Structure formats: structure tokens, C-alpha cells
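Here is how the chains run, residue by residue.
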Amino acid sequence: MNKKILIIDDNLGILFVMKQALEMKGYEVQTSEVFAGIAAVVKSAPDLIYLDVSLLGKDGRDIARELKTHAKTEDIPIIMLTAHANPEILAEEAGANSFLPKPFDLAHLWQKTAEYAGVLKTPA
Amino acid sequence: MGYAILHCACMKLKVQYFSDSHVFRGTISDAPKYMTKKNNTQDRSLPTGKTPNEKKAPQVVSARNRKHTAVVGIGASAGGLEALTELLQNLPTKTGLAFVYVQHLDPSHKSLLASILSRVATIPVLEARQKCRIEADHLYIIPPNKNMTIVDGVLQLAPRIGNQGRLISIDNFFRSLAADQKHRAIGVILSGNASDGVLGLEAIKGEGGITFAQDENTARHPSMPHSANMSGAADYTLTPTGIARELGRISSHPLVAPKKDESKNSSSLFGEDEKESLSKIFAILRVRTRVNFFHYKSATLKRRIARRMVLHKTETLPEYIALLHENPEEIKALFNDMLINVTDFFRDTETFLYLKKQVIPALLRTHPKDEPIRIWAAGCSTGEEAYSLAMSFVESMEKNMYGGIQIFGSDLSDVAINKARAGLYPLSIATDVSPERLRRFFTKANGQYQISKAIRDMCVFAKQDLITDPPFSQIDLITCRNVMIYLEPGAQKLILQIFHYALKPNGFLMLGKSEGIGVHTNLYLPKDKNHKIYSKKPVSGRRHLVFEGLEAHAASIPPRVYSPTRPRVKDYTESMARSPDADLSKDVDRVLLASTLVPASVVIDESFAIVQFRGDLTPYLNFPTGKATWNLLKMASEDLMMELRGAIIEAGKTKQTIRRSDVVYEQNGEHRVNIEVIPLNESEGEEKHLLIVFGSVAEALDDKKGSPAERQTRTEAKKTKAEEKTIYSNQKVEKLERDFMVAKEHVRSLLEEQDAMREEFQSVNEEIVSSNEELQSTNEELETAKEELQSTNEELVTVNEELQTRNAEQSQTNNDLSNVLNSASVPIIIVDRELRIRRFTPIAQESLRIAPSDVGRNIADLKLPIRFPDLERRIIRVIEHIQPEHEDVQDETGRWYTLWVRPYKTWDNKIDGAVITLIDINAIKKGQYQLERLLSFSQGILNTMREPHIVLNNELRVKSANDAFYNLFQVDKKKTEGEYIYQLGKKQWDTPKLREALEQLIEKKTSLQDLEVAFDFPNIGPRVMVLNAQILIERDGEEELILLAMDDITEHRMLQERNDTFVSMASHELKTPVTTVKTLVQILQKRFEASEDKMLVEYLAKMGMQIEQLTHLVSDLLDISKIKAGKFELDHGTFSLQNLAREIVENYQLLSPQHTISLRGSAKVKVKGDHERIGQVLINLIVNAIKYSPKADSIIVKLKQTKKEVILSVQDFGIGVKKGHQTRIFERYFQVKNKVGQNFSGLGMGLYISAAIIERHGGRLWVESVGNGSTFFFSLPVSAQRKASKKKRAR
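Chains X and C supply the protein sequences, listed in that same order. Mapping to my numbering: the first sequence position 24 is 24, numbers consecutive. Mapping to my numbering: the second sequence position 234 is 10234, numbers consecutive.
Worth flagging that the hints you see were computed from the coordinates, not collected in a lab. Watch out, some of these pointers could steer you wrong.
Straight line, CA to CA, 20 Å or less: simulated SDA-like cross-link-like pairs of lysine to any residue [what the hints assert, rightly or not]: (1) C:Lys-10905 x C:Thr-10917; (2) C:Lys-11166 x C:Ser-11136; (3) C:Lys-11127 x X:Ile-89; (4) C:Lys-11124 x X:Ile-89.
Computed from a predicted model, the values in this text were never measured in an experiment.
Input sequences plus hints: build the corresponding full structure.
Put into C-alpha cells, the structure is as follows:
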């Protein structure tokens, strides 16, 4: 069974390269420029969410808190994506499981993903 | 042994010789010493040194006591051992002197003095033992903690009680030495502190002994010899060597040492011409000093003269007289020596106690309240007696009525009187004066005691010769102790009479222990025989006697002419005691006894008055009626009277015995009598007396003719013859009888007439006599008045002397004053109440143009060169209001002065004018002017400065502010100045930060540097300012001012913040595209890992590296903005720096194959900090090292561990860091340029960030660069204990 990763970031470049990189490892990747609501997340049912802190018009931390308070989404691991100086603080504030500071190495991205979403035995 | 006996005989002979010739009375007692000397020489010849005389010749024992020629007492304290050693080493071996050494010793330590001194002394040295007899050429040393005295040449030791007496042990011994050895005592004072020994030396000198003091310059501790010299007690002041030499000389002087040739001895010294020589000396003294020493006992005087001779090395009296002629100073010295009298305070304590208990209360009780008690201390020497009396009286009186007592102290010696007046005594008087008295009556000054002023004021001292000068009169108490013992008996008697005159009725006389009133029991009544206190007996006619004495005395002294044979003092007492009655009786008895009869007889004087009756006179005399009379002529019967008168007158004229036999007289019938008138007492000048003897005729016949039978026959024969004649001439007889009756009648009338005349004469005579008596008594009164005048005069002289002393003091004060005025270079003018100039200083003469002739002129009349219009009014105002005034004035040349007008106050606070003082304040004025200029100058600078400044006082109130301040804060000057800084505006300055800073500034007097504050101001809103403050005046006592400068950096700060925000934003915004590109490149690399297109792989790799650098740049920029924003946070863990370093070195070795990176040293301990950030620093340093040593091939990383920290260094061998850059390289955005000016790549952020990281770890980052290459160091504190990281990170 494929692991499904949801990435929410308002930068299309980031969405593109992350999708490319994770698909290289065989993950199923769904990207979104905006947060479409709890229902949409429940519907797509990801194994891991990458969530950018500074989204257009909305703070990623609020989204994370919302997800974490919702029964149907609270178990989904969330990794905060940020270029902020102190990412660990932001992650804590958001109630997220971890963080990935920008810019990141490909290896780092893969390692984080494997840690929270699990490793796929057969990469595509 | 026969030799010794022979010797004794010699001695006896010698004594005989001395006393026979009346020569050298004073030295009779010395005679044994000559003998002793012989004994000594004899002793020396004996091997044992013990005299055999002791056993064989007991009569010599007393002589043995004086084996030595003299005893030398040596007193010393600190430093004395050294001086004594010197003395002993220079002493001749055999001097015949005995030595006793007294030193202040520690009472608790055993003294080693004897053993020390015996090493240096040539004579035997012994520690003194109780009852130890002293011998010649021995040195005896006082044992510790003992009080030593000498009695009969035997040392007496007594334990000391307490600490008392430790510092007067020398005085104690010297005093006993003087008393025991008299003129044979010698005193030596060597080095030491305090003044012990002075009184002892004085005592020795007083007994005629010789005294030495060490030269102060050679003494280690000069205080003791100094005191001895100052008091005049020392005859010689010499070095110890000099003293030794002088002792040797004295020991061989004839007056001290015996002579070998005895006959020569007597003639060469005080020989047969002694009397004459002494007379000469006394005459010299009389001329020079007006004191007649003939009254004095010669023994004492001779001893004193002998002393002077020893001192002057003269051996005969004529030599000494010659010396006296040559040297007037010696006369003075001799005079002073002769008058030496040693006295103490409260001498004979018992007597003073008695005085206080009995005499003083009696005097206080009886004397009238309004009259002072007058006391005369005659022969008071240096005043101790007078002061002791004063103290006793003051203690006895209830109130402090010091004025009620007058004490006159008199003495012959000027020196003594001056000492008495000064009232200064050495500290050692504490022996005689109780501590309480010392406290009450003395003040301590310059190591001496001085009698307090109150006591000194009670006592008046005058130089007076008891014998020649008129005495004081109306005295209540006279003390004259130990004066008379020095005088001849004649002078003693005279003095006792003078005292009798001087005393008030019932006044008291106090004499010395060994003195008395002698035969004068009629003048004085003993009050207490023990203490020799007498009271005056009222004696009629005493004045007469005294005046006779005085007159006689006055007559006996024709000035400057002197005859030794003439009686100087008439013996009044004798003439008084020898009453006429007593003498007459003797004469009469002698006459009567010679004639074996006791006939009826009377003694009459020249005026026929009967003085004595003898035998039965009733047959011859009767008692006439009328006025009682002792007149013989009146008592005798008429017939007898005629015969008696004739016979008495005849006897009076011829001075021979006149006989009238067979005188017929009528008294109860006719009787016959034989009368004999015998003149008595034929000596000149005395009243003549006559003895009249009545003898009956029968008795006379009996006497002549023998038996009664024969007498009978003769009577009968006569009768027959008469009967025969009767018839023959009866008629003739009748005629004759008639004639006779007529003649008898005539004679009777003549006689009656004569008697009447005589009686008339007698009454006239009596009147004359009585008026004469009146005259005499008037004369007496006049004499008395004269005496009183003289006494008053004497007192006046005394008072005058004191006045002169005061005058001298005053002129001294005056001198001081004029010197003060002259040396005060301040113009001072003193004016009186009428504004007349009284005095001015010399400088006033110059600067105010006042001439000495202006004294007495009104100050208003002078044209002073100062502009001061109403000076007169001002002076008058000052005099009236007693309030000083001053004003700054200018003279013609423009100099500035402060003119002070102060009231002139006299000692009793009366205002007697004014003192005008001009103080030159030109310099001050100029300084003030310059200061003002300087002030306006600095004020101007402050005002033109763009930065706001305010000046605060030490209470932090605004003193002033510059224009920039008012402009910036847009506040009013009036509301600002004087205001408390924290109260300004809306109290915006009142923040804890500023308060703390300012308090510290004031407290620590530091300056305040670059304090950044942010305040919200009412008019201009929030502002950020940098404050700098400085304390302006820091001198003591002056107000501290604080200059507070402020720099408004609000805008600068805003710009900077914007800049930082921009950097932060930019780096943040850059991150996203970098992430995208980086990930894309990495995806591409992953994709084409295995591609054959090598170029593609290589390009992708280069792109990856560039992107990596870009990532670093962005990350560094972000770090910087974090540091600036204070948001730079560290992970606090512990790790091994060594492991980290090894890891990084290994990694970077791979990256830079050109350089060999070696890791040296080790650090086993762990450090505290952020593992990742420290790694970043190390990487930065290694990258830098690689970058800046392009041509080198080696980089050394070194670890070093100390107790507290681990130091890591990275050394390269590249271009190095210039000295000037060594601190700047750690600044933000600093870039190093190489020689060509080409930039090394980089934005200059690495070292800045590294430094920030290390600093936040509590370590340091620094560089050392010498020549080629540089070494960067950083230190990190060692982790004391393992600690979990403070912050938990969500991971």
C-alpha cells in the first residue's frame, strides 16, 4: 500500500520539487497551495502532512492546531516547513510533530518522510 | 705591730695640733683620714690586704670607717652601662675612692651588671650586700629591686615597696650619701631618662661635695644629665673619660687626699695665715655682694671654700684669693656655693603636720577677717618652704581665700630667689609631695612640675640679708629653719630680736630641728619644743631694745670700710639680762663681806633715791608725811640730812669714801652717829651708786678701843675736864650760844629757801624729764613708723621687682606684636574713637601713603589713595554697632582691595576705636574675571552644540541646560531650571535604569558612558537616546555638578532596525527559491548519478556546490539578523570538543587536498555548549585558514586543556592579519583586502558570527598573527558537571 503525503505550501516551486523528490522514493504525493479545510484533508486521508508556516492569508500554525484538535485528523503526523530562524519553536507552537527548515537537503527530506510516514520497500 | 701603735700616737698628736691652733675647725673630723691613708699604704704592703689594726688597735676602728678618701656615687639608667664602662676603663688604678653604682634595674630580673663590669674594671666589683662596709678602690653595685642607702660608711639595703621608688633610687642613695659622707661625697650622673638624681646632686653639693654630670652629647639617653645640668646641680659636665680623669685628679688633691708630709700640710693649706686669708675672702665677698660672711660659722664656709679650691685645682688660700681677684665670675660662683642650702617640700613632715593641726588653725581663728595673714619664710632658698607653707594654709582654709594669705620668702641668693619665683621643680619632688598635692597645686610642663599660678601669686620672693636689711613687719608666722645653724651666736641673737620685732603680738616663730631661742626666754614662749615652734612674748620696751640694736647695727657698718676687730653686734640681751639690781647686790655684798659687818646702810643713786636698804635703819631714817618718796635726804632727819648731803656730794666728786664721825642729830632725843659714804661701781658710762653706812658712835668707839672698862674711864676723864671749863667760860658760852642760835636760825632759813628752790628745780626738772620722755616715746614712735616705712619700702621694692618682670614680659609681648605687625604684609591702621590714627603697619606706610607724622591725625584729614567716599561714617558706624564691615575698593591704579573695618576691643571688651585692614584681592578679582570669561566661553560652546546638554547639581536638580536641549524637547527654561530631573515633564526620566546609573555615578565618581535609554516625551513622543555623563567638580567641599549629554539616536535606530528587518526578510524570502533550486539540482544529480554524460554530472556537482554556498550565505545572514535581534539561541549540552574537532578535521581534509590539516594536543574533558554552533565556528576557522593561505600546505589545529577551559587554535601559514586589523576582523561585514586590493570572497560575516557564538558560550575568540600566517584561538569553559540541556527541543 502506497503511503500518501500531503504537502501544503503556497510556493509552486517548492510543491513541484518536493513532489518530484518524494515520488522518486515511491510516495504518493498530493499538493495544495491552500488549506482546503478539515473535510478535504479527511477525504484525502494522508499518512503525513508537510505544512508551510507562512501561507498566503493563513498561518500554517493555526492550520496545524486545527488539524491536531480534530478527531479525524489528529493522528496524522504534521511536519512544519519553514524558512524561519527558529523552526523548532514554531513547530512546538503549532503542536506539529516535527519541522523541516528551508533550505533542506534531499536526503534530509527523505529521511524525515521515512521517519514519519514509513519506508517504502519498493521505490518507484 | 708596734708600728701601728706608733701610728696612733702620731694621729693623736696631729689632732691635738689641729685643735690647738684653732685652725681648720671644719676638718678636725677629717683628721682620721690622714691616718687612714697611712693605714691604707700599710695595708697594701700586707699580702692579705686585711688590716691587723682591727684586732690590735681597737681605737682605730672609727678610722676604719673612713678608709677611703671619698665615696663616689654613680647614678645611671638607660645607656648607663656604656658610659660607666668608659669611665671605669679610664680610671687610674688606685684612687683611694670608693665607688657605688646605682642603676634603675628591672626588679624581676637578676642583674648581671657585676659580672659584666668586673670584666672591664681594674678594681674589684661587688654586688652590694646588706650591712656591707665600703672600702676604697672597690665598686659596689645596687642589687635589683632594692632601695639602697649608706649609714656610717655601711650600705643598707631595704626591699622596695611596690613600684614606688624605682625612679628615685639615685636620689635616695645620693641623699643618704650626702648626709653620711658630707663634703667627702661625690655624685656622678650618667646617661638615663627622666630626672632622677637631680635632688641627690643638689644634696651632695649642699654638703660641700663635688658633682658631675655626663656631657649630654655623649650620653645615649641625655635626659638625666640634661636635668642635672639645667638645675645647676652639676659642677662638671664632662665625657665619661673626662669624669674619670677628673676623679683621679680630685683624689690626689690635698683637700681630699692626705699629704705625706704632715707638717707641710698644715702650713700650706689653711695655714697660720688662715684667719687673715679668710678675712680677705670675706672682705672681697662683702665688697662684691654686700653680704657679710663674718656672721657665719666659719666651719661651713671653709668647707665650701675648700670645695671651690678643689674644683679650681688651687691648693692654697692665697692662690685662691688671687684667683678671686682675677676672676669676678668665681666670686659669684663662690657666693652661690656659700649660700647653697638644701631644702625639700614639707621638710620634717611631722612639723608640718603639727603646723597644720595647731598653729594654722590658731592663726586663722584669731586674726581679723579683713587683714591678710602675713607669713615670712626667712632663708627660703629655692622656695620650697614658702610654697609648702602656702599649700598648708590653702589646705587648712575652708574657702579658696588665696588673697587672705601673704607669704614673703627671702633669701640672700639671687639664683635661689629666681628659682623660687619660677616655681619649677624636677619630677623627683614626688618623693616629698603627695600625689594629691601634685594634682592640686602643680602643673606638669616640659618634664617638670610647676607650682600653680594661684599658689605662686600668694608668695612674694625678695632678696634680703636678714642681718643688714630691714625686716618685714606685722608678721603672723616666721619660719626660719636651718639658717641660724650657719651663723655665729651674736648674729643668731640679733636675728631673734629682729624676728621679735617683726612678729605681731602672739605671732609664731618656727625654727629648725637643731636650732633654739637660746637665752631669749624673755622674748619667746615655747609652744612646742619638739617642733621648735615659739610664740612671741609681749615685752615692754622691746622696741627700744630692738632699735638700739638696729642703730648700733647701722652704725657698725660704715659702707665698704671694714674692721674685723670692731664689735659688729652689740650684745643686747646681755645688757638687758644684767639688771642693775643684780649687779649692785654683788657689789654691795662684796663690800660688806669684806668688812665682816652688816651695819645699817642704804644704797642710793645719784638722785639720792634709795635703791636698797640693809640692816636696821630705824634709828636714822623716818617716813616723812606727804608724798611718798625714796629720797634719802627727805627720809633722814634734818640734822643728818645736812651732813649726808655734804658727804654724798663730796664722795660723788672725789670718788672716794667720805667719813663723817660723831654726827649729832635729833630723833626722839639726841643721838650720835658715824656716817660713811662709799661710791660704788666705778666703771665708765654706767649709773653711779653710793653706799651709805650708818654706825653708832658707841659702836665706833667699841670698834676702836676694845673693852667697855677702858671706854668708861675715858668718858669720865672727859667729863671732869668739861666741868672745869664750864665755870671758866660760862658767860662766853652763853654769848656764843646766842650767836649760834641766830646763825642757826639764819642757816635754817637759808636752807629752807634752798630746799624750796631745789624743789622748784626738781619739779621743773621733772617736767623736763617727762617731756623728754614724751619726746623719746615720740621718737620711738617715729622710729617705729620709719621701720614700718622701711618694711613697706621693702615690700614696694619686691612689688617693683615683680612689676619689672611684668614689664619685661610686656615689652616682650610688645615686641612680638610689632614683629607680627611688621611681618604681616597687610596694611593695617588702628584708629581711636576720635578716628585719630594710633598705629599702622609699615606696609600701610607704602601703600596708603601714611607718614609716621600722621599718627594722631584724624583719618578723615588724610587723602588716602583709595576710592572710598564715606570712610569716616563707616568707621563711626562700626564703633557704634560693634559690627565689622567690609567692601571691595579700588585704588588709583585700579588694584582691588577688600577694606575691612573691625571694632578695636580692649581686654575688657570695651570698644576703643577701630582696625582698618586692606587685603589685596587683585589676584582674586582677576581670577574671578577670567573665570567669568571662561564660564561664558564654555556656556557659549555648550549652547552652540547640537546635542542637548544639561547640568545637574548633586541633588540631581537641573542647574542649566543648553539651547539644543530646549529646542529638542520644546520645553520652557523656567519650568526646567531648578527642577528635579525625575520630575521633568511627565516624569519620563524617572526610570530605574537611569536612577541606578546616576546613583552609581555620584557614588563612585565615575563617568557614565553610552547609556541607551528610551523615553516617551510629552511634546515629541518616544525617543531613544544615548546618555553620557561626567562629574564636573570633584574637589572636597564644593558642589558636585553633573554634565549630562544626550544624543538622540531615534532616527538612526529606526534606520538600523529597518535595515535589520530587511536583511531578515530578504534572507527569509531567499530561502524558498534556494530550497527549490537546491532540491531540483539534487534531484537532477540523483537522476543522472550514473549518466555517462560526464559533463552533465560535473556541472550538476558545481551547481550543487554553488547552491550550498548560497545556502550558507543565506544562513549566515539569518544568523546575523538573529544576533542583532537578540534571538540567537543556543542548545546547551555537553560534548567532547576533541571528538568534534577530529570529525571536522577529517571531513575538511577531504575537501582540501592541498593542505594537510593536522590535529594536535588533546582535551579529555567535556565542554558545555551547542555542539552544532561550535562546529560551525571550527569550520569557519578552518575554511578561513584554507582560504587565506592559498600558497601554504599545512594547517595545524591544536587543543589545549587548562583547569577551567579548553583552548582550541587553528594555525595557518598564509597572509596573516595586520596589527591594525586584529580587532576589526571580528566586526560585522569587515573584509580583508590583499596587497593588490583584490577582495577575498565573502561578506565578512563568518568571524562576526563565530565571535558572537563563542561569547555567548562564555569563551573568547582572538587572533595572534606574527609574520607569516595567523593563529585563531577560542576558549570554552569546561563543564563542571554534566548537565542536561536547559532547553528541550521538540524533535
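For each hint, the structure was consulted:
no.: 1; hint: C:Lys-10905 x C:Thr-10917; result: holds, 15 Å
no.: 2; hint: C:Lys-11166 x C:Ser-11136; result: holds, 5 Å
no.: 3; hint: C:Lys-11127 x X:Ile-89; result: holds, 12 Å
no.: 4; hint: C:Lys-11124 x X:Ile-89; result: holds, 19 Å
Figure legend: structure checked against the earlier numbered hints; every hint is met.
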